[in-house]
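Undergrad: Residue numbers (this note's numbering), protein chains in the order written: chain A, 1 to 243; chain B, 1001 to 1459.
Don't read these hints as lab results, they were simulated from the structure.
This list has only true hints and no planted wrong ones.
Just so you have them, the derived chain B footprint on chain A, three or more residues with Cβ under 8 Å:
| # | stretch |
| --- | --- |
| 1 | 29-43 |
| 2 | 48-61 |
| 3 | 145-154 |
The C-beta atom is built at its ideal place from N, Cα and C for all residues, glycine as well.
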Amino acid sequence: MRIEVLFPEICNLYGELANVRYLRESLPDAEFVETPFTGQPVFLTEDVDLVYMGTMTEQAQVLISEKLMPYRDVIRNRIDDGMNFLITGNALEVFGKRILEDGKHICDGLGIFDFESRRDKRKRYNCIYVGEFDSGEGIMKVVGYKSLFGFAYGNAFKEHAFLNTTLGYGINKEISEEGIYVNNFIATYITGPLLVLNPPLLEWIMREKLGVEGRKPAFYDDAMKAYEYRVEEYTRPGKGWEY
Amino acid sequence: MIRFYIALWASKLSVIALKLTGHNATDFPGTVALKLCPNFLKYVSKPSRIIGITGTNGKTTVTNMITDALAATDLKVLSNKEGSNIKTGIATIFMKGVNVFNRSTYDLAVLEIDERSAPVLFPYFKPEILVINNLTRDSTMRNAHPEFIAGILTEELPKTTKLVINGDDLIACSVAPENERVYFGIDSLDTDTDKCINLINDMRVCPKCHSKLEFDKVRYHHIGKVHCPSCGFKSPECKYSGSNADFDRMMIDITENGKTYSVKLINDSVFNIYNSVCTTALLREMGYSAEDVVEMMSVLSIVKSRLDEKKAGSYTLIRQLAKDKNALATSRVLDYISSRPGRKEIIMMMNCLHDTVQWSENTCWLYDCDFEFLKNEDFVRIIVTGERCLDYVLRLRFAGVDMSRIKAVFNYDDIAGALKLEEGTDVYLLNGTDSIKAADKVEAEILERMRKKSEGGME
Chain A
1 MRIEVLFPEI CNLYGELANV RYLRESLPDA EFVETPFTGQ PVFLTEDVDL VYMGTMTEQA
61 QVLISEKLMP YRDVIRNRID DGMNFLITGN ALEVFGKRIL EDGKHICDGL GIFDFESRRD
121 KRKRYNCIYV GEFDSGEGIM KVVGYKSLFG FAYGNAFKEH AFLNTTLGYG INKEISEEGI
181 YVNNFIATYI TGPLLVLNPP LLEWIMREKL GVEGRKPAFY DDAMKAYEYR VEEYTRPGKG
241 WEY
Chain B
1001 MIRFYIALWA SKLSVIALKL TGHNATDFPG TVALKLCPNF LKYVSKPSRI IGITGTNGKT
1061 TVTNMITDAL AATDLKVLSN KEGSNIKTGI ATIFMKGVNV FNRSTYDLAV LEIDERSAPV
1121 LFPYFKPEIL VINNLTRDST MRNAHPEFIA GILTEELPKT TKLVINGDDL IACSVAPENE
1181 RVYFGIDSLD TDTDKCINLI NDMRVCPKCH SKLEFDKVRY HHIGKVHCPS CGFKSPECKY
1241 SGSNADFDRM MIDITENGKT YSVKLINDSV FNIYNSVCTT ALLREMGYSA EDVVEMMSVL
1301 SIVKSRLDEK KAGSYTLIRQ LAKDKNALAT SRVLDYISSR PGRKEIIMMM NCLHDTVQWS
1361 ENTCWLYDCD FEFLKNEDFV RIIVTGERCL DYVLRLRFAG VDMSRIKAVF NYDDIAGALK
1421 LEEGTDVYLL NGTDSIKAAD KVEAEILERM RKKSEGGME
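Construct the entire structure; sequences and hints are all you get.
TA: Below, the structure is given as structure tokens:
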């Protein structure tokens, strides 16, 4: 099994490399390819089992959008062909049509999905988060955090939402839909160690997306205790969620 | 202006009221002033010279050092060294610096300035010199990432402000490239390595060509000397460069334009060595001669340890602040403690209690923080506490800490009883800024248990 981590030297904010660390701990036999910004992504030309990219600075968003732009048709084909992607935090914005700041165009996204991102760096939107994921086997609660300068707007989220928000911001303030789930492409605005906070989600990815049978994520009992406590805590009546 | 004078007088009255009721008057008077006159900072008179100190870590220390060093001069110095560094705190200190007729009574202001507050401060005053000690990750929610903070400073800084920047911090160096600047740094330390072992390293990529940077010397995280093997970009030459740190004499050599002089260190931690070099550079840029600076630095008191030690019977309890949500600052604390000799029990109370009341702590920072330092088997027990203790347990498992050494305690009342208290083992109590009072109570309970155990009595 081969897992490609895109640009970890710059896509590493908010503890998100813990997602990769958790994959490593849970899949000790997997090969991890860390592609630097100056390198050529492996998934463009070879089969990989999962591509991961996490939160980056706003300047890095521009650089990465420009870097991947020549390959957008290849990337679209990879998604259409069912390659597994996990995209967290503002890395999601790279896959939209464009990124705006204070109404001004900052850069084009890859345009693979029908949405645009609008930010205002004078504002910071922070929340704790609970969303419901319909895995096909039942509803799974996904918990986490968001720390963002803005939101995303477009049809992609109505058509292909990953989660239905029950606490916190959706993909924007107006809708409860959150993230994108198309074929095997999963993207979410949730920031931080998403997989660490959600061992059931990792277990599902391992089983359903990576074909790993009979193996639990690492530190499963301790991870589940923390997850179950957080789910109970966040769903207490009257729990504040916006910081 | 009537509105301003009402705000000024009300603010001054609030200081008297706060003092009579035994409260600190560092923030509230400014809040009153700004409430009554939102443009208070525009109208309040200021000293003719303003020096600012900003950055993520070390602002308070440098502000204290500069203020103490200037005490021996005949300058009348206004400083917020004991106060708040955000807009309300700055309004408070400027209010204190004028009489009831709004006439400034000080020659110079030395201001610790919150790096995030630049947009609401710099429209109202222009520092002659601004020190940027470092820019590193801090609260995810408030500060996002250091590049964002560097961007804020670049946008908001007056063009006339001269910068005194830590040249060993390339993120700080990126601020306001058009402003006049000098760099300070440390040439070498015995503890230098060429590989960053920390989880946070926000300067891995060349800012010019985006190739991987190579570190020649690493102090901690991204602080050190680097070069780009692809395009030749490298750390800037420092006008003020520290070397030959001597911890027996507590002195460090400063080389400036080929001449070397020695100044006093206040502490042997890398953080504080930088603070001493920074203070030296600032005093020199303020116009004091090297001889004067050596003399001014000599009055600064040495803090032998950053740790607050208390003895109880045969036991030692060591208290340390580890900033909530600040992965880098907490990493520095864990690194420092792990480097100390002897067996240890450590209690972690860096719980964001204020967040817990309103919503819940954002724990992303746990995975940026180097809890790996606790793998050291000198830590015989690690007690994680409060509502996030299960998250800490999981984080320590990631760090490779054996479960038998971890104890999760939800209730603070149970912390003292969870200690092993073995002979020859020191106890470290880490608290965040939110949990100071709670840690005071836990500290008292631990000391009581230590005393009883030393006396051989019933616990």
